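Q: Given chain V's structure and the hints, the job is docking chain A onto it.
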Amino acid sequence: MPLVLVRIDDRLIHGQVVEGWLRTIHANHIIVANDEVAGDEMQCALLSLATPNNVKLSVLNIEQTAKQILDNTMKDDRVLLLFSNPVDVLRLVEKGVELESINVGGLHFYEGKTQVSKALCVDNKDIQALLSLGKKGIKLEARIVPTDERIDVLEMLVKCGLLE
Amino acid sequence: MSTNKKQAYGAFCLVLHSHLPFTRKAGVWPFGEEWLYEGLMETYIPLLEILYDLKKKNISPQFTVSITPVLMEQLADPYLLSRFEQFIDDKIRRAEEDIKRFEQSTNHEFLHLAKFYKTLFSDVKKVYFERYNRDVLSAFRKLQEEGHIEIITCAATHGYLPLFKRDSSIQAQLAAGIEVYKKHMGTAPRGIWLPECAYRPGYYQNVTKNESYYKPGIDEFLVKNGIQYFISDSHAIEGGEAFWGGKRVGLYGEIFSPKIDYQHKVQGTNFKPYLLKSGCTVFGRCKDTGLQVWSGDWGYPADGSYREFHKRESQSGLQYWRITSRQVSLGLKEVYVPANAIPRINENSYHFNHLVEGLLSKYFHEEKTFGMVAAPYDTELFGHWWFEGVAWLKAIAEKMYYNPYVEQMTLGKYLEANPPQQVIELPESSWGEGGKHYVWMNKDTEWMWSYIDEVEIIMENLVEKYPQPNDKQKEVLDQISREVLLLQSSDWPFLITTGQAKEYSSERFLVHYQRFVRLTDYLNKNMCHTPEFEDYFQKVKDIDNLFMDSVDYKMYKRKEPPPLTK
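These protein sequence lines map, in sequence, to chains V and A.
Quick note: numbering that gives the first Met the number 0 has the first sequence finishing at residue 163, numbered continuously throughout.
Quick note: numbering that gives the first Met the number 0 has the second sequence finishing at residue 565, numbered continuously throughout.
A few of these clues could be false.
Stated by the list, open to error - Here are the simulated lysine to aspartate or glutamate pairs, EDC-like style, with alpha carbons at most 16 Å apart: (1) A:K558 <-> V:E18; (2) A:K556 <-> V:E148; (3) A:K558 <-> V:E148; (4) A:K223 <-> A:E178; (5) A:K558 <-> V:E97; (6) A:K540 <-> A:D551; (7) A:K114 <-> A:E145; (8) V:K55 <-> V:D75; (9) A:K556 <-> V:D147; (10) A:K208 <-> V:D76; (11) A:K208 <-> V:E18.
Simulated from the structure, these hints should not be mistaken for lab results.
Small disclaimer: the values here were computed from a predicted structure and weren't measured.
Okay, chain V solo, but in the shape it has when bound:
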């Protein structure tokens, strides 16, 4: 299953993803990897409504996602793998999935988070997960839309004093 983009975006599937990213990466299959959403029929239905007709949607928990990737099912698909937070990405990687790069697209503000950039707000759990991913050699870059500059997320966290 060729992964064509791994993206962290707490709004999961929305206009920017569909109009911006899908057109560029030509993904024909979106996998939303999230334990809570996978177990919630209503949320799955809403995601399905947001997905274009010509794109397959799978909503899986982290365990199932790892299995699909490691078993190399759907090998003819071009897959956009969506997460709502960095902790889930780390869990996936710790199950043996090898990633080289992650696009950190949107982590929005709520209480307890610190704003790092226009679309990136993090708390301590996020920071630790991002740091662990970075230590595994995975490139973490922030881009809202495909043509934006790639901003190194860890460097951004250091500049904000959230990392040493």
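A: Just chain A now, kept in the frame of chain V:
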């Protein structure tokens, strides 16, 4: 179907691709501005003459003529036109001096030729001033407006599109080229001559193990820019080995490169156009009509009665000899006799007319369809390299006009009357030797592409950095864009590979790179208000003054994800 001749088997679509590199104030002879002056005197003005003569005889030639934007700008440049006028006066003077010399030496054959040249050059001068009012471009435009020819466009500076790393460069070459066309022609182009017929399909660009994105095919860019059709080389549609035409007599001489076998790629026919998935139409070059003109061994231009291009009289530089035979060395060439060339032109044009009729007839009887033969050539072959070529063009237009089985049509008119019925996928290809990109990317030229790659990225970053420049910054950014377009000309690697102007081309390439770097440096250091900068800037603008109303640096806006930073 045919629109005029009820018995016609199909259409003959002649395509003349006109291009010269930008040479304003960048050398004269042996490399530089004189290319333009020779082109005007030997090809473009004589071509206009036959087109207007045909029109006078109520023969609408229906040629498809590509004029590259960079050539259009030069044909409209008052400085270059005044230099052309000096050039032609100089040619007349040389012929007059030869007349005096040969009168004294009693060399009757050469004397006759010197008088022939004096008349020829004087006639060109006369029509240039009196018939065309020094405005060759408007003369072409008028023919299009009256429906006798179709003018198609090209990339701005004939950039070799498939080898650009960034989509923004492809878009900028096309957008700037189309703006220049609109400026000079007053309308948008329908068709395009892709530089060197170089095409690449869409593909997925891998960035990392788990990131990739789609890079659109060249045809998708064309559709986005309102272009309906382009031309590709024969092998890209028919499959099999790429056409190489033996010793091709191009503008810059002979070149050799490895052959690529397209046997298993596609199996279409060049007797009809195809649709690509993007909605753009592609016409394929007819191999047979191509070989009949391009082959250095047995093509028409190799006829012994025709004038020899390479041998020149030592004092005047005029050409007094005929080809005689391909096996005869320059030292043994015989004197050119223009009158003896005339029956050869007649025979060659008769043969060509018969060839086209035969091809169309065969296809018509096999497929029961009104087919077409697309026959593209470099315009400069006719008149400049092949002295008798323009007369041959007139002769084939006349013969085909009277041939009930062949309809002459522009590509646009053929497309209107016969829209494509099938979809095809084209492989990456060009009409260059070997069928792909070797001529432009090889061990002698690969160094240039690292410069071009670097410049492409910097341009995108400049657009990001200066979203709302002040007037001066905008002026500088636009000039920087012009340097990029000039740097990207496919002429430079081409001339290096052919060996005809290796040093000149390397220098030109590096000069444009240097101007790009220096202007960018001034801009980024906020020094565009200094007298030192202004002095340099005015000099650069005076030399590289093309596309003044047609380039906006924002044409280089990033169209795809940025590359990964290390």
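Q: Between K208 of chain A and D76 of chain V, is the straight-line Cα distance small enough, at 16 Å or below?
A: Given pair K208 of chain A, D76 of chain V holds - Cα atoms ~15 Å apart, limit 16 Å.
Q: Take a quick look at whether K556 of chain A and D147 of chain V sit within 16 Å of each other, Cα to Cα.
A: Holds: K556 of chain A and D147 of chain V sit about 11 Å apart, inside 16 Å.
Q: Between the alpha carbons of K558 of chain A and E97 of chain V, is the straight-line distance 16 Å or under?
A: violated (29 Å)
Q: Keeping to a limit of 16 Å between CA atoms, is the pair of K540 of chain A and D551 of chain A held or broken?
A: Given that 16 Å is the threshold and the Cα spacing comes to 15 Å, the pair holds.
Q: Please work out if K55 of chain V and D75 of chain V have their alpha carbons no farther apart than 16 Å.
A: holds (12 Å)
Q: Next pair to validate is K208 of chain A with E18 of chain V; report whether the Cα-Cα distance is within 16 Å.
A: Not OK: K208 of chain A and E18 of chain V at ~23 Å, beyond 16 Å, violated.
Q: Need the status of pair K223 of chain A, E178 of chain A: alpha-carbon distance at most 16 Å?
A: holds (14 Å)
Q: Given the hint that K556 of chain A pairs with E148 of chain V, does the C-alpha gap stay at or below 16 Å?
A: holds (12 Å)
Q: Does E18 of chain V sit within 16 Å of K558 of chain A, going by the straight-line distance between their CA atoms?
A: Distance of about 14 Å is within 16 Å: holds.
Q: Verify the proposed pairing of K558 of chain A with E148 of chain V, using a straight-line Cα cut of 16 Å.
A: holds (12 Å)
Q: Need the status of pair K114 of chain A, E145 of chain A: alpha-carbon distance at most 16 Å?
A: violated (36 Å)
Hints 5, 7 and 11 from the earlier list are contradicted by this structure; the remaining hints agree with it.
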